[in-house]
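All chains should be built: construct the whole structure from the sequences, respecting the hints.
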Amino acid sequence: MSKPSRELIDELRREKIERAKQMGPIDRILAGPDLFDYACWTTMLGIHSQNPGITDAQALNILRERLAKREKREQMEITP
Amino acid sequence: MNSLEGAKLVIDALNKLGISYMLVGSMSSNLYAVPRSTKDADFLIETDDRIDDLQDKLKPQFRMDPQIGFETKLMTTKYVFLMTDSAFKVEVFLLSQDDHDQQRFARRMKQSQDGRTIFVPTAEDVIIQKLRWARQKDLADVADILDVQGDDALNFDYIYTWCDKHQTRELFDKIRTSDELR
Chain G
1 MSKPSRELID ELRREKIERA KQMGPIDRIL AGPDLFDYAC WTTMLGIHSQ
51 NPGITDAQAL NILRERLAKR EKREQMEITP
Chain Y
1001 MNSLEGAKLV IDALNKLGIS YMLVGSMSSN LYAVPRSTKD ADFLIETDDR
1051 IDDLQDKLKP QFRMDPQIGF ETKLMTTKYV FLMTDSAFKV EVFLLSQDDH
1101 DQQRFARRMK QSQDGRTIFV PTAEDVIIQK LRWARQKDLA DVADILDVQG
1151 DDALNFDYIY TWCDKHQTRE LFDKIRTSDE LR
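So the sequence lines, in the order shown, correspond to chains G and Y.
Straight run, no breaks: the first sequence in the numbering used here ends on number 80.
Straight run, no breaks: the second sequence in the numbering used here ends on number 1182.
None of these hints come from the bench; they were simulated from the model.
Since the structure is predicted, the reported quantities are computational estimates derived from the model, not experimental observations.
Yeah, the Cβ is synthetic: ideal placement off N, Cα and C, and Gly gets one too.
Be a bit skeptical, because a hint or two may be false.
Once the Cα atoms are required to be at most 25 Å apart in a straight line, the calculated BS3-like pairs of lysine-lysine come out as [said to hold, decoys possible]:
no.: 1; chain 1: Y; residue 1: K1174; chain 2: Y; residue 2: K1073
no.: 2; chain 1: Y; residue 1: K1078; chain 2: Y; residue 2: K1039
no.: 3; chain 1: Y; residue 1: K1137; chain 2: G; residue 2: K21
no.: 4; chain 1: Y; residue 1: K1110; chain 2: Y; residue 2: K1016
no.: 5; chain 1: Y; residue 1: K1008; chain 2: Y; residue 2: K1110
no.: 6; chain 1: G; residue 1: K69; chain 2: Y; residue 2: K1110
no.: 7; chain 1: G; residue 1: K16; chain 2: Y; residue 2: K1137
no.: 8; chain 1: G; residue 1: K72; chain 2: Y; residue 2: K1073
no.: 9; chain 1: Y; residue 1: K1078; chain 2: G; residue 2: K69
no.: 10; chain 1: G; residue 1: K16; chain 2: G; residue 2: K3
no.: 11; chain 1: G; residue 1: K16; chain 2: Y; residue 2: K1039
no.: 12; chain 1: G; residue 1: K21; chain 2: Y; residue 2: K1078
no.: 13; chain 1: G; residue 1: K72; chain 2: Y; residue 2: K1137
Selected chain Y positions facing chain G (in silico; Cβ < 7 Å) [to be verified]:
no.: 14; residue: N1002
no.: 15; residue: L1004
no.: 16; residue: A1007
no.: 17; residue: P1035
no.: 18; residue: T1038
no.: 19; residue: Q1113
no.: 20; residue: D1147
no.: 21; residue: V1148
Set out below in structure tokens:
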């Protein structure tokens, strides 16, 4: 697959910015957890697929562990 | 209950309890930038007098971590509420004595839509705080805010005054002129 051109990247970014400008203030704020729900839903499907037979509660624990690891990595990136 | 409903529950609870608060962190930058997924909601509260009332109001959808945390950058207390049905988390920080923390809280604004109200920092204060944290995602948020808000909507004198105090002017100028980030 070829690398997307700078023009295409810029165009997609302009579209995202225009969409953001058209949203209401609270909608923009609440888009964060809404997008997170979608990300979790797809990740949970993956966790279930990798671990057949586990319960939703067990899958949620695995998801929490993954997020905790990610948070730790983000914290380590902090500049002094 | 999912994360979106959980976030609404916390915002409504803070308003109903009359707690002086302000939304901070990634959710507040979503207001001024290109919205992105956020795994937690961060709030700043003026006092923690009513933290037990907040805890009661959020049960059973949230449980408060019994271990009270400490935020080392601003040197302040942190309460963590974990959602029971989702991986979403709410962190409530006590307003610190830090000069900019005090100022951004005093300048907080009210945003309303469809009958819901949220107190938020100004775009300038979000930028100033993001520059202090300076993680990759914070710098990307700053670039997004600059692009979405546009130069005319921002008070650069105010931003630079704090940048000089925090020694982040060079970083801010780098983002403003970066072809990679903007």
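To see whether the hints hold, each was checked on the structure:
| no. | hint | in the structure |
| --- | --- | --- |
| 1 | K1174(Y) - K1073(Y) | 23 Å, holds |
| 2 | K1078(Y) - K1039(Y) | 17 Å, holds |
| 3 | K1137(Y) - K21(G) | 20 Å, holds |
| 4 | K1110(Y) - K1016(Y) | 15 Å, holds |
| 5 | K1008(Y) - K1110(Y) | 16 Å, holds |
| 6 | K69(G) - K1110(Y) | 35 Å, violated |
| 7 | K16(G) - K1137(Y) | 17 Å, holds |
| 8 | K72(G) - K1073(Y) | 16 Å, holds |
| 9 | K1078(Y) - K69(G) | 20 Å, holds |
| 10 | K16(G) - K3(G) | 20 Å, holds |
| 11 | K16(G) - K1039(Y) | 21 Å, holds |
| 12 | K21(G) - K1078(Y) | 33 Å, violated |
| 13 | K72(G) - K1137(Y) | 14 Å, holds |
| 14 | N1002 | 5 Å, holds |
| 15 | L1004 | 5 Å, holds |
| 16 | A1007 | 4 Å, holds |
| 17 | P1035 | 4 Å, holds |
| 18 | T1038 | 3 Å, holds |
| 19 | Q1113 | 4 Å, holds |
| 20 | D1147 | 6 Å, holds |
| 21 | V1148 | 5 Å, holds |
In this structure, the hints that do not hold are numbers 6, 12, in rising order.
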